[in-house]
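Chemist: In case you want the letters, here they are:
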Amino acid sequence: MYFTLKLPCTNETGQVYPETLTSWYTLILEGKRLMSFQKRLASNEFAVLAEIHTPKGINITKIVTDAKRLKGRIDAVVVPGMDNGIMRMSALAGGALLQQQGLEAIIHMYCRDSNRMALQGDALAAHVLGIQNIIVADSADMSESDHNEAMTVNDLNEIELIKALVTLQNGKDLSGFDLDGSPDYLIGCSLPSIVDDQQLEAALDTARQKIQAGARYVITPPVFDVTSWEPTLKKIKSLDVPVIASVFLIKSLAIAQYIANSEPGANIQPEMISRIRKSSNRDQEGVAIAGETISALKNSCQGVLIQTLGWEHKLPGILDIAKL
Amino acid sequence: MITAERKPLEEIIEYIKPFKRILLLGCNECVTVCSAGGRKEVGLLASGLQMARLKSGTDIEIQQHTLERQCDPEYVEEIVSMIDGADAVLSMACGCGVQQLAMRYKEIPVFPAVNTKFMGASERQGVWAERCQGCGDCLLGITGGICPISRCAKQLMNGPCGGSTTGKCEISEDVDCAWQLIWDRLKALGLTERYLDIMPAKDWRSGGGSGPRKIIREDLAE
Chain A
1 MYFTLKLPCT
11 NETGQVYPET
21 LTSWYTLILE
31 GKRLMSFQKR
41 LASNEFAVLA
51 EIHTPKGINI
61 TKIVTDAKRL
71 KGRIDAVVVP
81 GMDNGIMRMS
91 ALAGGALLQQ
101 QGLEAIIHMY
111 CRDSNRMALQ
121 GDALAAHVLG
131 IQNIIVADSA
141 DMSESDHNEA
151 MTVNDLNEIE
161 LIKALVTLQN
171 GKDLSGFDLD
181 GSPDYLIGCS
191 LPSIVDDQQL
201 EAALDTARQK
211 IQAGARYVIT
221 PPVFDVTSWE
231 PTLKKIKSLD
241 VPVIASVFLI
251 KSLAIAQYIA
261 NSEPGANIQP
271 EMISRIRKSS
281 NRDQEGVAIA
291 GETISALKNS
301 CQGVLIQTLG
311 WEHKLPGILD
321 IAKL
Chain B
1001 MITAERKPLE
1011 EIIEYIKPFK
1021 RILLLGCNEC
1031 VTVCSAGGRK
1041 EVGLLASGLQ
1051 MARLKSGTDI
1061 EIQQHTLERQ
1071 CDPEYVEEIV
1081 SMIDGADAVL
1091 SMACGCGVQQ
1101 LAMRYKEIPV
1111 FPAVNTKFMG
1121 ASERQGVWAE
1131 RCQGCGDCLL
1141 GITGGICPIS
1151 RCAKQLMNGP
1161 CGGSTTGKCE
1171 ISEDVDCAWQ
1181 LIWDRLKALG
1191 LTERYLDIMP
1201 AKDWRSGGGS
1211 GPRKIIREDL
1221 AE
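First to last, the sequence lines map onto chains A and B.
Okay, so the first sequence: first residue is 1 according to my numbering, each after it adds one.
Okay, so the second sequence: first residue is 1001 according to my numbering, each after it adds one.
Chain A on its own, in the form it takes in the complex (with noise of 0.2 Å):
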């Protein structure tokens, strides 16, 4: 498929690319987002991700559709797994389904479910099935999952679960014997929702234990409001790696106002739900929102993690409101 082009093309730091006529034809061919996530991290560039939830079930229509409509568009598609407590397809599965498609899967792992054997299996399946980017999320509290009367496991905390991985590329396993070829990851992790400074600091006290451990860029819970936001943007940048921005699709009225209430880090304006509220069009008025918060935010971090939760037709829309 060709790709029509605005000529000259330049990136976010205003340098004009590509530079040499073989990148034009790969660029020509397979359109301008096509640069992996590993290296737009590497070099500074604008990293654009979009979440795809895995089906509960067996039906994978519906991510097929959405990575074809996101190919070229985006730079990754992030892939929850069952972290959030609802048991679904699993995010290894979902990610290879989109490597199938050509997409480039960065794939969360969690704790709560399986012991360091099951972790290391999955992580070294995830290097064969072509996935090497590994998001370490916190995982919901198994009372608050669709399962509650099932077991917890936290064999491994997050921290010991990035050392882990770290351990697997450096060619061994946790028990110390040598693995047959070694995988190779990029890892990141995530920030809790943050309400006050004392919780920023402690999350950012935990953060700064994963980099450590070997996590090498960070996630940030959704913004709504950025001005409001910048100060905490600025405590993040001190943890020195790449911040990623979530940046959440409000589906409606009832969605904006439950997060209002209920997130009180979320820092959702009164004037936000008023707009939303007049729009003669709210699903659309959804998408604007999303669309302006990540040009807001263009120039103040890494990238941006659009979480459109089952609205993922609505990417396309986001990105073109967001001029990417």
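Everything labelled a hint here was simulated from the structure, so no lab data went into it.
There may be inaccurate statements among the hints.
[As the list claims (entries may be wrong)] Some chain B residues judged to face chain A by a derived CB distance under 10 Å, without partners named:
hint, residue
1, Thr1192
2, Asp1203
3, Ser1206
[Said to hold, decoys possible] Derived DSBU-like pairs (lysine-lysine); straight-line CA-CA distance at most 30 Å:
hint, chain 1, residue 1, chain 2, residue 2
4, A, Lys163, B, Lys1117
5, A, Lys71, A, Lys39
6, A, Lys163, B, Lys1154
For each residue, glycine too, the CB sits at the ideal point set by N, CA and C.
Given chain A, work out where chain B should sit, using these hints.
Modeler: Coordinates of chain B only, in the frame set by chain A:
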């Protein structure tokens, strides 16, 4: 009872290294019964610590006391007058007792002198074995009075695995196969038809799967 074993002397010495005045507290309940932290063990540990400090040439003053129960606020209150004369507390109670002390006396470090092991029973003099994991939903009425959660290495719920040979578990010849014991007992009771009932996957919420547990008796709680 809750069983415990004394920690290695070196580990205890390391904990209290920076401190001179130690309040060494035993407990008269479970740890006395399993000979890990009662009055007698308090005396033995105090002598051991004194000798070790003497050898290293550092002073130590040890106040010894054994509380009736360290897991009960009422008894923990007893040591108010002793706390002031101590730099650190060394508790020979189970983990519950250590935490009760640490919660009540926030200004002073509290160290454990025993490793809390399991809820068990005495098999014979000097031998204690695990009998209960506190899963919060007792199955003993179905399994002939033998617990597959605490006595089967795999916590199997519907009969033995392939590792059960001659009544022993594959992990060790010293471990009886819980399901062999259950079968023998059901047979003796004439209840073998129960064995064929398939037990559903266990609900672990009552077993701590949903976080720290608490019992609130409305009729007793203040």
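Chemist: The structure should be examined with respect to each hint, and the outcome stated for every one.
Modeler: Structure-based check of all given hints:
Evaluation of the B:Thr1192 hint against chain A yields a violated restraint, the C-beta minimum of about 29 Å exceeding 10 Å. Evaluation of the B:Asp1203 hint against chain A yields a held restraint, the C-beta minimum of about 4 Å falling below 10 Å. For B:Ser1206, the interface hint holds, the least distance from its beta-carbon to any beta-carbon of chain A being 9 Å, beneath 10 Å. Proposed proximity of A:Lys163 and B:Lys1117 is supported: the alpha carbons are some 29 Å apart, at most 30 Å.
A hinted pair counts as satisfied when its Cα atoms are at most 30 Å apart, and A:Lys71 with A:Lys39 qualifies at roughly 17 Å. Restraint check for A:Lys163 and B:Lys1154: the C-alpha separation of about 28 Å stays at or below 30 Å, so the hint holds.
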